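Using the sequences and the hints, build the whole thing.
Numbering (the UniProt record's numbering), first residue to last: 1 to 373.
These aren't lab readings, by the way, just hints derived from the structure by calculation.
There may be inaccurate statements among the hints.
Have a look at the derived ranges for each label pair, beta carbon to beta carbon [what the hints assert, rightly or not]:
(1) Asp47 - Met288: 43 to 51 Å
(2) Met130 - Thr103: 40 to 48 Å
(3) Arg368 - Thr103: 19 to 27 Å
(4) Leu248 - Glu106: 19 to 27 Å
Values in this document were obtained by computation on a predicted structure and should not be read as measured data.
The C-beta atom is built at its ideal place from N, Cα and C for all residues, glycine as well.
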Amino acid sequence: MTRKPRVAVVFGGRSSEHAISCVTAGSVLPAIDRDQYDVVPIGIARDGRWVLESGDADRLRIREGAGEDRLPSVDGDRASVTLARDVGSTDLVVTEPSAPPRTLGEVDVVFPLLHGPWGEDGTIQGMLEMAGVRYVGAGVLASAVSMDKAYMKVVLAAAGLPVMPSVVVTAPEWASDPQECRDRSAGLGYPLFVKPARGGSSIGISKVHDASGLDAALEEALRHDPKVLVEVCATGAREVECGVLQSLDGGAETSVPAEIRITGDHEFYDFDAKYLPEEATELDVPAMLPDGVEERLRDLSARAFQAVGCEGLARVDFFVFPDGSLVVNEINTMPGFTPLSMFPRMWAASGLAYPDLVDRLIRLALARDTGLR
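Quick look at the structure:
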């Protein structure tokens, strides 16, 4: 290749995590080495329209203040952009009012920084596979399985990995027989966590202490997803995470683990605790774990990565109980890359700086094939 590889950074999207995807892009875009790559920022507006974004990192941050206005979003009024498939290549074509379409050239790799449905769940991965475009991160099946927490548990349990007990409640079940849904959920014992099965960033999640709060929690989760996971609360457990990166030979490398400790008024690691710097969240990177626990946790992280067929990267979240036992909470195939995100912090503590982490993911994507080749 005589020219620089062209990287299309795609962010925004139609999910409730639109703003966090923009924040992630605001961190990744400045970290890509422009001497090595030609970078094209592409935003997906909330209505699904693809546009050529400015890539202004400052505009993609969470601003001070209250309300939705503080959260960044893609400007859907900008020029439209499409992937145009031709024989042997895929070009980016920009369309503006009262102007002929113009091409930005061939795309070599897409870096999808999309969180939640219509992005992290295998949908955009399937589109890119059909277009024959290389991309960063997990493929269609691994993305879909990891996004759906209920199926994730099935796959991990089948691979011999420990998971928390849970039940699934769907919107049709809740509409037709709410009492059966209540009884099935309460059978797990309180306290419980109720969460959208295919959500992220702690949006729509509630902690339920007794039966009086169950209905409201189910209704809130169902607002975000017609499939809801009701899960036993890991009382007394520590929340510890581990980063996984695919190695060039196809194996899995793990970072030092990190621990999240929630203080103040937060009962769990909710949206504000994750993304707002003024919130009372304490992070220990690396986590201080008893002898032997870190080694087992890192081994389970690699096994989880391989069990769902991940590629590129993933963050595996654990509950660490006082007796040293471990339970996999979830696996995230597109973890946040914001300045507060654990994934880049863990790799920095492991000796891989943020720009080098981004570069490695792009290089892994450039080396991969699409489809079943």
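Now for the hints, and whether the structure bears them out:
The hint said 43 to 51 Å for the Cβ distance between Asp47 and Met288, and at roughly 46 Å that hint holds. Distance hint for Met130 and Thr103: a CB-CB separation of about 20 Å, inconsistent with the stated range 40 to 48 Å. Between Arg368 and Thr103, the C-beta spacing of about 25 Å keeps the proposed range 19 to 27 Å intact. At about 24 Å, the CB distance of Leu248 to Glu106 agrees with the hint of 19 to 27 Å.
Of the numbered hints stated above, the single one contradicted by the structure is hint 2.
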